[in-house]
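As you go down the protein sequences, you meet chains A and B in turn.
Per the UniProt record's numbering, the very first residue in the first sequence carries number 1; after that it's consecutive.
Per the UniProt record's numbering, the very first residue in the second sequence carries number 1; after that it's consecutive.
These are computed hints drawn from the structure, not numbers from a lab.
It is possible that some hints are incorrect.
All copies of an identical chain are treated as equivalent in the list; a pair is satisfied when it fits inside any one copy or across any two copies.
Stated by the list, open to error - The list that follows gives simulated cross-link-like pairs (lysine-lysine, PhoX-like), each with its CA atoms no further than 20 Å apart: (1) LYS248 <-> LYS265; (2) LYS126 <-> LYS68; (3) LYS108 <-> LYS126; (4) LYS120 <-> LYS93; (5) LYS463 <-> LYS311; (6) LYS437 <-> LYS496; (7) LYS395 <-> LYS462; (8) LYS392 <-> LYS151; (9) LYS151 <-> LYS65; (10) LYS93 <-> LYS76.
Number of protein chains: 2
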Amino acid sequence: MTMLALSFARVCSGLAPFRTVLRLQPLCSASGITVAQIDEEVAKLLELKARLGGGDDGKHQFVLKTPKGTRDYNPKQMAIRERVFNTITRCFKRHGAETIDTPVFELKETLTGKYGEDSKLIYDLKDQGGELLSLRYDLTVPFARYLAMNKITNIKRYHIAKVYRRDNPAMTRGRYREFYQCDFDIAGQYDAMIPDAECLKIVHEILSELELGDFRIKVNDRRILDGMFAVCGVPDDKFRTICSTVDKLDKLPWQEVRKEMVDEKGLSEEAADQIGEYVSLHGGMDLAERLLQDPRMSQSKQACAGLSDIKLLFSYMQLFQVTDKVVFDLSLARGLDYYTGVIYEAVLTQAGVAPVALASNDAQNGSEESVSVGSVAGGGRYDGLVGMFDPKNRKVPCVGVSIGIERIFSIMEQRAEAAAEKVRTTEVQVLVASAQKNLLEERLRLVTELWNAGIKAEVMYKKNPKLLSQLQLCEEMGIPLVAILGEQELKDGVVKLRVVVSREEVDVPRSDLITEIKRRTSDA
Amino acid sequence: MTMLALSFARVCSGLAPFRTVLRLQPLCSASGITVAQIDEEVAKLLELKARLGGGDDGKHQFVLKTPKGTRDYNPKQMAIRERVFNTITRCFKRHGAETIDTPVFELKETLTGKYGEDSKLIYDLKDQGGELLSLRYDLTVPFARYLAMNKITNIKRYHIAKVYRRDNPAMTRGRYREFYQCDFDIAGQYDAMIPDAECLKIVHEILSELELGDFRIKVNDRRILDGMFAVCGVPDDKFRTICSTVDKLDKLPWQEVRKEMVDEKGLSEEAADQIGEYVSLHGGMDLAERLLQDPRMSQSKQACAGLSDIKLLFSYMQLFQVTDKVVFDLSLARGLDYYTGVIYEAVLTQAGVAPVALASNDAQNGSEESVSVGSVAGGGRYDGLVGMFDPKNRKVPCVGVSIGIERIFSIMEQRAEAAAEKVRTTEVQVLVASAQKNLLEERLRLVTELWNAGIKAEVMYKKNPKLLSQLQLCEEMGIPLVAILGEQELKDGVVKLRVVVSREEVDVPRSDLITEIKRRTSDA
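All chains should be modelled from the sequences, with the hints used to inform the complete structure.
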C-alpha cells in the first residue's frame, strides 16, 4: 500500500502513480470500479486539461493541414469526381433506385456490434453532454436503421455519401479515413437470387462504363463458408474469427493465413489444411455443381443451400450478360459480420493502372503472385441486419453493393495527369469584355442580360482591365466566346462576338446576342 | 497531505481522491503538470474503461432514432432537395464558379478563435489518440484554410456540404444541428464592391428562381457598425460584444436589446440610446448619403469608408437589377467575428409561408411586430480570415454568401404536401412485365437489352407476378410505360407496349422497341 500512496506533490510532478493503478486494472475491475466512475474521472481530467490551456500551451506553431487520412478536392479533382458520380448515379437510376440520406453521425449504440473486429476503427464524438455519437462507418447500417425505424419492408435505394474509418491511411493507393461510398441496396422478400444478380449487373455496368480496364467479380456465399468450416472441423464459436482470417487471403499468401489460424486462433493443423484445399478453388457454375457432389461439403445443409443459390445466381447472371467477369471463389470471405448469404467483391486486374503497381511494392504483400489489386466494389446479402434494429426482430431481407470510389478517383486523376488532359473546372460560355476604358457599367449591364437569360457568363472584376488580359483569362479557363464592347459597338447597337480558338470575330446585333451565344454553345 | 493520500483500495472504490486533486488544480498547474501528462493518464483510464466493457453494461433498451437535431431524408424529400440543389448549382455555375470539397472535420485549432461566442456550438471528436478534431461549423473557415494552405490568391468557388452546430434545434422551423450550406465565395484583390455586388445578385437570382415568395436582402457594413459604436461612445474592447447584441435585433425588440447592452454588457444608457437611434434606420443609397452628412457619423473615418462603399454597391446593384429587394439596414450585425466589410442577410417576408407562421408562436419573440421570418441567406466580406492561416499573415480579400437551405427545404416540402403534389422518386421509363407464367427468363433478357441501351427499366423480382400487380406497381411509381411479354409476343417477335395513363396498347417489333421507348419518353 505504501508503494501506491499518492501524495499531492507526486501527482503534480507527473501523475506517475496513476500508471501503477492502471497496471493493476484487472484487480480494479474485480473490486467493483465502474465505467461510469471512470467516465467521471476522465471528464475531470479533461476539464483540468482545458483549464491548463486545452492543448494549446501558449503559442505553438500552427499546423496548416487537413486531418490525417483526409484530403481536400481541388476544382480539377471535383470535375473528375462529378463525372464518376454522374456515371454511377445514372446506372443506379437506370435500375430504378430511389435515394435517401442519413446523418453523418448515428447514436453510438446504433453502430455497436455490427462490424466485428473493425469496430475499433469507428470515430466517436466527444461527450459534450447529451447523446453519445459516432461517425458512420458505412452506409449499410444506417440504411438498416432507417428501414427498421420507418417500418419499410421493401425499397430499392442508392446512397452516395462519405463514411469514416480510423484506419491506417494509404493515400497514394486511394485509401482514406474519410471516403465516399456509393451504395445500392434492394430490401424486400423476393424470389431467390434475382435482386442479388441485379447487384452484380450493376457492378458490371459501372466498372465497364468507367473504363478502368479489365476487372473480375469474385462471388461466394457465407453459408458455403460456414458449411465448409463445419465440415473441416472448425468449432462453431470460431467461425467468425476464422472467417476474418480467410478474408486476408487477398493480401497474404496462404502460408501466413494458415499460420494465423493455427498459431493465433488455435485451429488444428488438419482443419486448417482442409480449409486450405477448399479456398484454393475457383470457377463458375460447374464448380458449384462439383462441390454439391463433394463427399464432405455435401454433408452440410448450409453449404448445399449456398451452392444451389450460386448455381441459380449464375443462371440469372447469364441472362444479364455478366458471367464473363464473374468467378465463384471460395477464398472470398469479406470482413463484416452482418452478411448472411451471397457475398461479392470486384477487383481491377489490369496491371496498367497505378494502384496495382503501387500495391506490389507494399511490404504487406508476401509474394508477387498474391498482389492485392485493391477491391473497388463489394457487397452481399444481409438478411438479419434490419431485424437487429426491430424490437420484435422482424426481418427484412436485403442485398446490396458498395462502390469504393476513392480508388477509382485515384486512377482517373492519374490518367488525366498522364494524358495532360485539360480538365475544365467551370462551364462559362462567354466572357463579357471591353476594348476601351470606362466601360465597367456597360459590361455589368450586358452580363446581367446574359445571366438573366440563363447564359453562363463572366466579367472581370476590374474597372479597366486590358483586352489582352481578358483574352488570356479565356485561354486559361477554356471559355469559348468573348462578347466585346467598345464605344463603336455601343453606338451601333452591336456586340463583337469573338471565338477564342479561331480568333474569328463577328458583330452581332445586341438583340440577337443571346440566341447567337446559345446557338454557338448549343447548350441552351 | 494525509487527506490526499491515495490508496489503491480507494481508487477501486470510486477514484474519489482524484476529485480532491482536481479541485486543487491551479496549484497543480503551478507545480508543472502538463497537458501531455494528463492526456496520457486519460488514455489509460479510457483503456481501462474499454476493458471493463466500453460503456455497454448489459443489455439496455435500444432507442431507434437519429441523433438530436438531425433527420433522415426519405426519397420524396430527396427529390425535392435535388431540385433545390440543381437550381442553386445552376446559378453558381452561371456565374462561373468552380467547386471544391473539404473534409467534414478539421483540426480543432483550425476552427479555434473564428466564431466568437458561437464557438461553444462546435462538435468535437473524441480524443482517440492522434489529432484533436472538430466537425466543421461552416464552409467559410475551411475555405480560408484551403486558400492559405494552397497559396491560392484568387478563385471563385462554390461548395455545397453539411455543417454542424450543437445549437438548440427547432426542426419544424428548419433549424437543425446537421444542415446543408450552399456557399459561393470570391477570393482575390479586385476593384471595390464588384464581387460584393455579384454575391447579392446571386442571392436575388436564387431566391427568385425558387419562388419562395417575396424576400428582402438587408445590407450593412461592419465598418459602419464599428464607426457607429465609436461615435456613440462604446469602448473599443466592447465593439464585438455589443455587435453580438445588436445582432439579436431580428429576434428581440429594441427594449430587450438595450437592456442587454446596459445591464449585461455594462454600456452607458446614453451610448445605448444613441445606438438605438441609428439601428432604427433603413433605406437605400439616399440613406448612405444622408449618413455621410451626419455630424456624428461623419467623424468616423471607418464609417465614411463603409458608407461610400454602400453607395458604390448600390450603383452596381442597379446595373445588376436587384435593388428592388435590397435595403440598407443599420440594425444588421451578423454574429460571426470574421466579417470586415459589407454584410448581408436575406429574409423571406411573405407571411404565407409556414416557417413564418410558426415563428410568431415562438416564445422568444417579444412582440408580433418583431416576428423573425428566418434568414435564408447571409454573408459578407472577410478580408482577414485567410491571413489568420498564413504564417506571414498574407491577406486574401474574400466576399461570399451562404444559402441556408434547410429552411427552404421545409417550405418546399410543406408546399408539396399542401398541394398533394405527386413527387416521383425514380425516373423509371418502362416496366418489363409478363402476362403469363414462366417468363422470368424472358423478362430478364429483355430488361438487360433495355439497360444496355441506357433505358431506365424495372422488372419485378418474382418468378410469376400477376399482370395486375405489375400494372399497379406502375401506377404507384408513376412509371409511364409497360413492355409486356407473352407466349404470342415472343412467337411474333414483338413486345406489347402499354401506355399506363391511357391504357393504349401497341405491338412493337422487338428490334424497334428501344427507339420507340426513347421516342415516347423523349429523354434519350
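Okay, the hints, checked on the actual structure:
1. Taking CA atoms no more than 20 Å apart as the test, LYS248 paired with LYS265 passes inside one copy only; the shortest distance there is 14 Å, against 63 Å between copies.
2. With identical chains, the CA atoms of LYS126 and LYS68 are at most 20 Å apart both within one copy (18 Å) and between copies (15 Å).
3. Taking the shortest alpha-carbon separations for LYS108 and LYS126, both the intra-copy value of 11 Å and the inter-copy value of 12 Å come in at or below 20 Å.
4. For a Cα distance limit of 20 Å, the shortest separation of LYS120 from LYS93 qualifies neither inside one copy, at 35 Å, nor across copies, at 42 Å.
5. In this assembly of identical chains, the alpha carbons of LYS463 and LYS311 lie at most 20 Å apart only when taken from different copies (16 Å versus 72 Å within one copy).
6. In the homo-oligomer, the alpha carbons of LYS437 and LYS496 lie at most 20 Å apart inside one protomer (16 Å), although the nearest pairing across protomers, at 68 Å, exceeds that limit.
7. Taking the closest pair of Cα atoms, LYS395 and LYS462 come within 20 Å of each other only across two copies (19 Å); inside a single copy the shortest separation is 64 Å, beyond that limit.
8. Taking CA atoms no more than 20 Å apart as the test, LYS392 paired with LYS151 passes inside one copy only; the shortest distance there is 12 Å, against 57 Å between copies.
9. With identical chains, the CA atoms of LYS151 and LYS65 are at most 20 Å apart between copies only, with a shortest distance of 12 Å across copies and 43 Å within one.
10. Within a single copy, LYS93 and LYS76 get their C-alpha atoms only as close as 26 Å, which misses the 20 Å cut-off; across copies the closest is 15 Å, which meets it.
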